[in-house]
Amino acid sequence: MIVAEQKPLSELKTLIGSAEKVLVVGCGTCVTVCFAGGSREAAITSASLRMSSKLDGNGKQVTDVTVQRQCEWEYLDQIAEQVEGADIVLSLGCGIGVQAIAEHFPQTWVVPGLNTTFLGLPTEQGVWAERCAACGDCVLGLTGGICPIARCSKSLLNGPCGGSEAGHCEINPEIECAWQLIYDRLSSKDKLHVLLDLQPPKNWRTSRDGGPRKIVRKDLRLVPEEE
Amino acid sequence: MATITTQQLGEQTNGYLAGSNLERVLRAGHFAVTGELGPPQSADGDVIREKAALLRGLVDAVNITDNQTAIVRMSSIGAGAIVIQEGLEPVIQMTCRDRNRLAIQSDLLGAYALGARNLLCLTGDHQTFGNHPDSKNVFDVDSIQLLKIVTDMRDEHIFQSGDAFKGQEPRFFIGAAAAPFADPVDFRPYRLAKKVKAGANFIQTQLVYDIPAFESFMHKVRELELHRQVYILAGVGPLKSPGMGRYMKKSVPGILVPDELIERMEAAGAAWAAKSKDELTKEDKKARSAAWKEEGIRICIELIQGLRKIEGVAGVHIMAIEWEEAVKPIVEGAGLYPRPVVQTGGEALPNKEAA
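Going down the list, the protein sequences come from chains A and B. In terms of my numbering, the first sequence has 44 at position 47, counting the first letter as 1, and numbering is strictly consecutive. In terms of my numbering, the second sequence has 245 at position 244, counting the first letter as 1, and numbering is strictly consecutive.
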C-alpha cells in the first residue's frame, strides 16, 4: 500500500491561508489503512481546523467528505458539487489523490494534507516499513523476495557493504540490513550460489530516471489507437 | 607471494596493467606499503603538499580519499594531481555515492590524463554520516560494478554502455576494499571473490587489530585461491588513545579491537590514571597523549609483523588519518624502510635516494 503521514496542523493552516470554505477530502483506500487520511482522520482534521479557526477569531466553514479512492475519476465525480462549492480543498489522499483532484477540478485550488512517504506494509500494529521503490524492473527473483533497491540504504546489487553489523544497517540501528536478510534467506533455501554472480549495472530507465512513466495497454483501451 | 595470472596481464606497458610504482613493487614480490592522505576541507593545496612531504619515500603509493565520511573535501583527483607533482604516487579513491556512471567514467579519463595510475573503487559512506545529510545520493552503480566498468575501459576499450572508444584508454592498477569482519562474516571471502571476478588487481582491507580473526578470513581466501589472483594489503592504523580503540570496537561496524590492545593502551597512560579529569594539567595531557601514541605505534608495528607472516598478505595499508607523522616510525619500526625502487623490467633496486 501507499503509506503516508499527516502534516502538522500549523502547516495545514498555512496552506489554507485566508480561504473561507474549506473541504477536507479523505480517501478510503491506502491512507485509510495506514490511519493517515481515511474518514476518521478527515473528520478529526476538519474539527481541528474549525476549532483553531474559532480560536483565531475567524469562522471558517470546514466540512469533510471521504471518497473510496481519490485516484479514480468516477469516485471524484461523486463529490463534484462539494468541491465546486469550496474555496479550497485539503486532500488527505496521497500525492496521487491530490493531483487527481487538481486535474479533475481545474478551477479548484487543492493543497496536500499528508506527506506521502513510501510503498510498504504494516509490520506490526502502528509500524509501517518500506518495501518497494517501484523501479520498474523487479529483481526480487534474485534476492529471495527481499528488495535491495528499496531496503538497502545504498541500493546495492552485489551484496552487503562494510556497514552491516548484527543484522542492522550502519546508518540507523532501527533499519535492518537488507543484504543480511537476503543472505539469511538464500542460505536457508540453499541458494547462496545466486549471490556469487556479478549483477551488472541496473537499467534505471524503467525507474524515475527515464522520466515520468506511463503504461498503455492496447488490449484494455476503449478508444482504438489511430493507425 | 601472490602472482597475477597471465590472462590478467595487459599487453601494454611492458606486461604491466598500469605500470604504477605500486604495481611494480607488488609484481617484484616486495611487501608493499600504502598510506592514506585525506584532502582538506578547503582549496588549500599546501595542506596536500605538507602531508605529502610526511609520506614521501615511506610508502609505495598513497590513497587520496574521496569525500571521506561524506564530508566535502578537495576532490581526490585534484589532490591526487598535486601529490603527483610532489613526487608521490596516488591511489585515487572513487566512490559511487556522488557520481553516476557518466561522471565516474569522465572523471577517471581526466584522472588518467593527469597522471594517476592507481584507482580504488568504493561504494562510499552514506551521506547521512557527513556534513550534507540532506543531499540526494547516487549509487547508480555499486563498487563491484565500478570495478568491472574500469576494467572494461582499460582492457576492452569500451564504456559501460558498450560503446567502443578510440584513443588512449585509462590504464589503472585497480583496487577494491574488503571488510573481513563485517556481517555476514561468512560471505566476506565470497564478496572478495566477486571483486576479483569483476577485475580487482589489489585489495586494501578495513583496519585489522585482531590477527587470529584475520588469519581465519585469509584461510578461507586461500581456500578460494584468491590470494593467487589479487594482491591483498591488510589495513592497519595506529591507535591514538584507549578511547579510540573502545570507540571503534563499539561503534564502527566491521572493526574488531581485542580488549588486550585496549588494556595495553590504558596501561601506557597508567601514570596519569590516578588523577581526575580536573586535576590533569595541560602538560599532563600532553605527556599522556605522547605515551599513548608511542604505544599505539608500537602495537601497529607488531600488527604489521604479525600480518606479514600470514600467507597471502602482500602488503599493508597504513591508515593514519590526520596523523601522517606516525607513518615514518611505523614503516621504519616494521623494517619496511627504505622502500624498494623497481624498474619496469621488474628488477628490484635499493632506493639509494631514500636511504
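To be clear, the hints were calculated from the coordinates, so they are not data collected in a lab. All C-beta atoms in this analysis are idealised placements derived from N, C-alpha and C, irrespective of residue type, glycine included. Among the clues, some could well be false.
[Claimed, not checked] Incomplete in silico selection of chain A near chain B, CB under 10 Å:
hint, residue
1, Ile93
2, Ala147
3, Cys158
4, Gly159
5, Glu162
6, Asn169
7, Tyr180
8, Ser185
9, Lys215
Here is how each hint holds up against the structure:
1. Ile93: violated, 22 Å
2. Ala147: violated, 13 Å
3. Cys158: It holds, given that the least Cβ distance between Cys158 (chain A) and chain B is near 5 Å, below 10 Å.
4. Gly159: holds, 3 Å
5. Glu162: holds, 4 Å
6. Asn169: holds, 8 Å
7. Tyr180: Cβ of Tyr180 (chain A) sits 5 Å from chain B, so the hint holds.
8. Ser185: violated, 13 Å
9. Lys215: For Lys215 (chain A), the interface hint is violated, since the closest Cβ of chain B sits about 31 Å away, which is over 10 Å.
Taken one by one, the earlier hints fail for this structure at numbers 1, 2, 8, 9, listed in ascending order.
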